[in-house]
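Student: Each chain, written out:
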Amino acid sequence: MSAILKVDNLSYNYDGNASRTANALKNVDFEVQAGEIVGIIGHTGSGKSTLVQQLNGLLKPTSGQVLLSGKDIWEKPKEIRKIRSQVGLVFQYPEYQLFEETVYADIAFGPKNMGLSGGELDHRVREICDLVGVPESFFERSPLDLSGGEKRRVAIAGVMAMQPKIIVFDEPFAGLDPIGRSQVLKMIQDYRAAYHATVLIVSHGMEDLAVLCDRILVLNDGELVLFDTVKKVFTQAELLRSIGLEIPIIARVFEEMRERGTEVPEDIFSVQDAVSFLNSFKQGGGARA
Amino acid sequence: MSTMIECKKVSFSYGEENEHRKIIDQLDFSVERGSFTVILGQNGSGKSTLAKLFNGLLKPTDGTVTVDGINTRDETHELDIKRRVGMVFQNPDNQLVASIVEEDVAFGPENLGLDPSEIRRRVDEALRAVGMYEFRESTPHHLSGGQKQRIAIAGVLAMQPECIVLDEPTAMLDPKGRAEILKTVLRLNREHGITVILITHFMEEAEEADRVVVLHQGKILADGAPSAVFSQDEILHTAGLELPQTTELLVELKKNGWKVETNKIGIEDTADAVLSALHLEES
Numbered sequence: 000m001s002a003i004l005k006v007d008n009l010s011y012n013y014d015g016n017a018s019r020t021a022n023a024l025k026n027v028d029f030e031v032q033a034g035e036i037v038g039i040i041g042h043t044g045s046g047k048s049t050l051v052q053q054l055n056g057l058l059k060p061t062s063g064q065v066l067l068s069g070k071d072i073w074e075k076p077k078e079i080r081k082i083r084s085q086v087g088l089v090f091q092y093p094e095y096q097l098f099e100e101t102v103y104a105d106i107a108f109g110p111k112n113m114g115l116s117g118g119e120l121d122h123r124v125r126e127i128c129d130l131v132g133v134p135e136s137f138f139e140r141s142p143l144d145l146s147g148g149e150k151r152r153v154a155i156a157g158v159m160a161m162q163p164k165i166i167v168f169d170e171p172f173a174g175l176d177p178i179g180r181s182q183v184l185k186m187i188q189d190y191r192a193a194y195h196a197t198v199l200i201v202s203h204g205m206e207d208l209a210v211l212c213d214r215i216l217v218l219n220d221g222e223l224v225l226f227d228t229v230k231k232v233f234t235q236a237e238l239l240r241s242i243g244l245e246i247p248i249i250a251r252v253f254e255e256m257r258e259r260g261t262e263v264p265e266d267i268f269s270v271q272d273a274v275s276f277l278n279s280f281k282q283g284g285g286a287r288a
Numbered sequence: 000m001s002t003m004i005e006c007k008k009v010s011f012s013y014g015e016e017n018e019h020r021k022i023i024d025q026l027d028f029s030v031e032r033g034s035f036t037v038i039l040g041q042n043g044s045g046k047s048t049l050a051k052l053f054n055g056l057l058k059p060t061d062g063t064v065t066v067d068g069i070n071t072r073d074e075t076h077e078l079d080i081k082r083r084v085g086m087v088f089q090n091p092d093n094q095l096v097a098s099i100v101e102e103d104v105a106f107g108p109e110n111l112g113l114d115p116s117e118i119r120r121r122v123d124e125a126l127r128a129v130g131m132y133e134f135r136e137s138t139p140h141h142l143s144g145g146q147k148q149r150i151a152i153a154g155v156l157a158m159q160p161e162c163i164v165l166d167e168p169t170a171m172l173d174p175k176g177r178a179e180i181l182k183t184v185l186r187l188n189r190e191h192g193i194t195v196i197l198i199t200h201f202m203e204e205a206e207e208a209d210r211v212v213v214l215h216q217g218k219i220l221a222d223g224a225p226s227a228v229f230s231q232d233e234i235l236h237t238a239g240l241e242l243p244q245t246t247e248l249l250v251e252l253k254k255n256g257w258k259v260e261t262n263k264i265g266i267e268d269t270a271d272a273v274l275s276a277l278h279l280e281e282s
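Residue numbers (numbering that gives the first Met the number 0), protein chains in the order written: chain A, 0 to 288; chain B, 0 to 282.
In short, the hints are calculated from the structure, not lab data. A portion of the hints provided could be inaccurate.
Stated by the list, open to error - With a straight-line cut-off of 35 Å between C-alpha atoms, the simulated DSBU-like cross-links for lysine-lysine are: (1) B:Lys51 <-> A:Lys230; (2) B:Lys8 <-> A:Lys25; (3) B:Lys175 <-> A:Lys5; (4) A:Lys185 <-> B:Lys182; (5) A:Lys230 <-> B:Lys8; (6) B:Lys175 <-> B:Lys8; (7) A:Lys185 <-> B:Lys51; (8) B:Lys254 <-> A:Lys185; (9) A:Lys281 <-> B:Lys254; (10) A:Lys230 <-> A:Lys164; (11) A:Lys230 <-> B:Lys254; (12) A:Lys231 <-> B:Lys58; (13) A:Lys231 <-> B:Lys182; (14) A:Lys185 <-> B:Lys8; (15) A:Lys281 <-> A:Lys25; (16) B:Lys21 <-> B:Lys81; (17) A:Lys185 <-> B:Lys253; (18) B:Lys182 <-> B:Lys51; (19) B:Lys8 <-> A:Lys231; (20) A:Lys230 <-> B:Lys175; (21) B:Lys175 <-> A:Lys231; (22) A:Lys231 <-> A:Lys111; (23) B:Lys182 <-> B:Lys58; (24) A:Lys185 <-> B:Lys258.
As the list claims (entries may be wrong) - Ranges between beta-carbon positions, derived for each pair: (25) B:Glu233 <-> A:Tyr95: 42 to 48 Å; (26) A:Asp227 <-> B:Leu185: 32 to 38 Å; (27) B:Tyr13 <-> A:Ser116: 35 to 41 Å.
Note that the structure is predicted; figures quoted are calculated from it, not measured. Backbone N, C-alpha and C define an ideal beta-carbon position, used for all residues, glycine too.
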């Protein structure tokens with residue numbers, strides 16, 4: 000496999016001020032393979048949002064590189080805008096940035112800026128709406144008339160309409176209720192499946208990341224402390240807690256059971272896995288052991 | 000206990016042309032002084048509108064809301080109501096006005112025209128109550144989300160309200176920030192006797208409440224102690240809420256034939272319930 004995205008020894012200081020450490024990045028080094036879903040976790044101020052803004056050239060590294068399919072994204076600084084249609088970035092609360100008069104115009108904005116027009120543009124908008132469940136009845140409505148969850152989906156569809164091969168989400172579930180959250184989760188999975196896209200997600204929702212991701216990248220004070228499979232990351236409760244993070248809630252229940260003398264595994268992260276484990280554990284008379 | 004807030008047949012709709020679409024629909028509801036109530040509901044359930052009706056930011060289209068016996072429609076007592084019921088919103092950045100923490104907290108009391116020494120006393124007390132006294136000379140935008148939200152709460156506390164209404168105060172915070180806010184709110188209720196109304200769609204935040212109210216399409220679907228409300232999974236499902244994963248685990252085990260108690264929320268209680276069900280099967 001070849002890395003679609005490589006972050007090579009990247010450091011970044013705001014205002015070029017090396018003494019200001021909040022949100023800065025220090026020697027961050029990692030590779031993401033095509034088609035992977037990677038979760039990014041870290042406490043507030045750990046540099047997560049700074050990192051994702053490096054990936055599509057909104058911020059420029061103080062030192063080090065971001066390589067897209069082996070090419071430095073800053074090789075031709077004047078063409079940095081082209082990178083933004085290849086690496087789509089969905090900001091926190093993207094619905095605050097809806098500004099067009101209609102839902103259709105808002106979703107068309109990105110692909111239009113890429114130079115699409117006419118039938119091609121129309122096709123692009125309809126294709127993404129179809130995929131992620133934005134109904135045609137929304138097209139002529141004002142984005143402002145939609146509910147919070149609907150606005151979020153429209154805003155995400157606007158980024159997806161550019162069909163970026165890498166799509167990066169900064170807290171896509173924040174502020175959504177359970178229904179809204181599962182709809183956004185499904186959008187992300189559907190997009191990835193349809194376009195074989197690579198996905199990076201910044202989130203505080205360890206439970207969501209545990210079921211969604213292949214690997215998890217852990218940031219602390221601007222440094223990469225861990226980048227490994229979900230299983231290897233979420234079994235390091237002590238390390239995660241020492242940097243203000245937590246393991247998924249089901250893993251915490253199992254941890255509590257171990258503390259009370261019942262030997263259950265550390266790598267159970269979802270309700271579904273917990274139920275199947277506990278069913279066979281009960282049959283085996285496990286609690287007597 | 001006496002009544003802090005009372006809603007009698009309260010309805011609300013935005014604008015006359017929307018008369019048919021009631022955000023709040025004939026709601027009868029009261030909150031006892033000193034209690035900790037959590038109002039749960041999905042987006043669009045009417046919970047934020049209800050919050051604004053509680054301190055007169057919005058007036059009911061029909062029915063009456065009274066705060067400590069004062070009708071919120073009574074404009075001559077507007078200030079009395081706002082002093083009694085303080086509001087904390089979702090986004091801390093929209094609620095902070097000054098560039099120094101203690102100045103921000105002093106903003107409300109200064110507007111009351113209080114004596115400077117009284118303002119000083121109130122600001123210090125409020126910052127101590129939320130555990131932010133040591134940050135009094137910091138700049139708010141250098142603080143974490145949870146810390147900023149605690150400053151917003153201190154700003155409300157400095158007005159010495161009898162009741163605080165928090166509308167999704169943790170929605171924008173990381174897990175640590177969320178825990179800080181819940182701990183702070185619980186302490187204000189338990190130690191300072193402040194009436195707390197916490198509005199959220201995170202069911203796990205209701206664990207410590209005296210009472211949980213489930214709101215759906217402007218009506219109350221369930222109302223009672225957390226363990227009683229959380230065992231009604233059909234109602235919660237109708238309301239578009241999701242059980243905390245702890246409770247969900249127990250409910251799923253029960254569906255698989257386990258003899259297990261399902262009305263638990265906390266990690267320890269859940270582990271206990273699973274373990275005692277395991278031991279029960281064996282004896």
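Student: Does each hint fit the structure? Answer for all of them.
Tutor: Right, here's what the structure says about each hint:
no.	hint	in the structure
1	B:Lys51 <-> A:Lys230	violated (44 Å)
2	B:Lys8 <-> A:Lys25	violated (59 Å)
3	B:Lys175 <-> A:Lys5	holds (30 Å)
4	A:Lys185 <-> B:Lys182	holds (33 Å)
5	A:Lys230 <-> B:Lys8	violated (53 Å)
6	B:Lys175 <-> B:Lys8	violated (39 Å)
7	A:Lys185 <-> B:Lys51	holds (33 Å)
8	B:Lys254 <-> A:Lys185	holds (26 Å)
9	A:Lys281 <-> B:Lys254	holds (15 Å)
10	A:Lys230 <-> A:Lys164	holds (26 Å)
11	A:Lys230 <-> B:Lys254	holds (27 Å)
12	A:Lys231 <-> B:Lys58	violated (54 Å)
13	A:Lys231 <-> B:Lys182	holds (31 Å)
14	A:Lys185 <-> B:Lys8	violated (40 Å)
15	A:Lys281 <-> A:Lys25	violated (48 Å)
16	B:Lys21 <-> B:Lys81	holds (25 Å)
17	A:Lys185 <-> B:Lys253	holds (28 Å)
18	B:Lys182 <-> B:Lys51	holds (24 Å)
19	B:Lys8 <-> A:Lys231	violated (55 Å)
20	A:Lys230 <-> B:Lys175	holds (22 Å)
21	B:Lys175 <-> A:Lys231	holds (22 Å)
22	A:Lys231 <-> A:Lys111	violated (42 Å)
23	B:Lys182 <-> B:Lys58	holds (32 Å)
24	A:Lys185 <-> B:Lys258	holds (34 Å)
25	B:Glu233 <-> A:Tyr95: 42 to 48 Å	violated (35 Å)
26	A:Asp227 <-> B:Leu185: 32 to 38 Å	holds (36 Å)
27	B:Tyr13 <-> A:Ser116: 35 to 41 Å	holds (39 Å)
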